[in-house]
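**Q** Generate coordinates for the entire structure from the input sequences, incorporating the hints supplied.
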Amino acid sequence: MKKFFVLLLASMLAMPALARPLLVAAASDLGYCIDELAAAYRKTAPDAELKVSLGASGNFFAQIRNGAPFEVFLSADMDYPRQLAKLGAADGATLAPYAVGRIALWTLDPQLDPNKGLAALLGDKRVRRFAIANPITAPYGKAARAALERDGLWQAAQAKIVIGENIAQTAQFVQSGNAQAGIISFATLHSTRLKGAGRYALIPQDGLAPIEQGAIVTRAGAANPHAAGFLRFLGSPEARAILARNGFNLPAGAAE
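The sequence shown stops at residue 258 when you use the working numbering, and every number in between is there.
Check before you lean on any hint, since a few could be wrong.
[Unchecked claim] Simulated DEER-style distance windows between Cβ atoms:
1) R130 x G90: 22 to 32 Å
2) L89 x L210: 25 to 35 Å
3) A64 x L204: 38 to 48 Å
4) A161 x Q85: 30 to 40 Å
5) P112 x P71: 20 to 30 Å
It is worth saying that the hints were derived from the structure and are not from the lab. Remember, predicted model here, so these are calculated numbers, not experimental data. Virtual Cβ for every residue (Gly too), placed ideally from N, Cα, C.
**A** Dropping the structure here:
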């Protein structure tokens with residue numbers, strides 16, 4: 003028996019060390035395609051294992067700034083990763099745009115028509131609650147507020163607005179009927195669960211800043227070669243095709 007354990011220990015020591023998981027913090031709007039992206043990356047790097055957490059970009063920013071061990075940050079804007087680089091919590095040389103998001107007005111109520119625009123929908127008495135993501139921590143919430151302000155509706159909308167922690171929760175408010183309409187990411191409407199559900203209209207971008215989404219390797223990811231590897235993969239034609247298929251525009255200069 004003793005000889006058996008000695009041989010077992012020797013064989014374990016002879017085995018190559020398993021690569022540790024790559025810890026990825028990803029904006030909620032990626033929730034419907036991040037698994038596909040991870041699977042495609044693993045085809046190019048078979049020893050890679052990705053462990054993804056989804057949430058609001060602003061919350062991840064605070065966590066990484068305070069030492070959370072995420073190695074890659076996929077933000078729904080460029081500002082949060084840029085700030086992390088300035089603080090020394092991420093490598094600014096790795097910061098790159100990977101997608102451009104869009105916002106859409108969405109409802110499940112067949113009597114409501116989002117194509118009539120924000121003012122008509124918010125003014126409709128059947129819309130008692132209107133969902134947006136948190137403008138403070140979620141870039142899509144910030145974009146929703148900017149659209150409402152552009153159209154002169156922000157103050158009037160306060161009595162109806164309900165705030166989701168992130169874009170996924172915002173969509174859930176509409177799905178559950180806790181809100182009759184809302185502003186969500188166009189990518190969310192491409193999920194298997196929501197595709198074809200209800201009616202939507204893309205919100206015009208006139209006068210609004212583009213929702214350019216940025217990826218960066220954090221200080222914790224500097225020692226993991228898969229961190230930089232995954233970011234390089236996001237710029238590949240295969241990754242771009244996955245993102246485009248899931249409702250994202252591509253950054254300027256990116257090949258289709």
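**Q** Work down the list of hints and note, for each, if the structure agrees.
**A** Do the hints match the structure? See the list:
no.: 1; hint: R130 x G90: 22 to 32 Å; verdict: violated, 47 Å
no.: 2; hint: L89 x L210: 25 to 35 Å; verdict: holds, 27 Å
no.: 3; hint: A64 x L204: 38 to 48 Å; verdict: violated, 31 Å
no.: 4; hint: A161 x Q85: 30 to 40 Å; verdict: holds, 33 Å
no.: 5; hint: P112 x P71: 20 to 30 Å; verdict: violated, 46 Å
Hints 1, 3, 5 from the list above are not met by this structure, while the remaining hints are.
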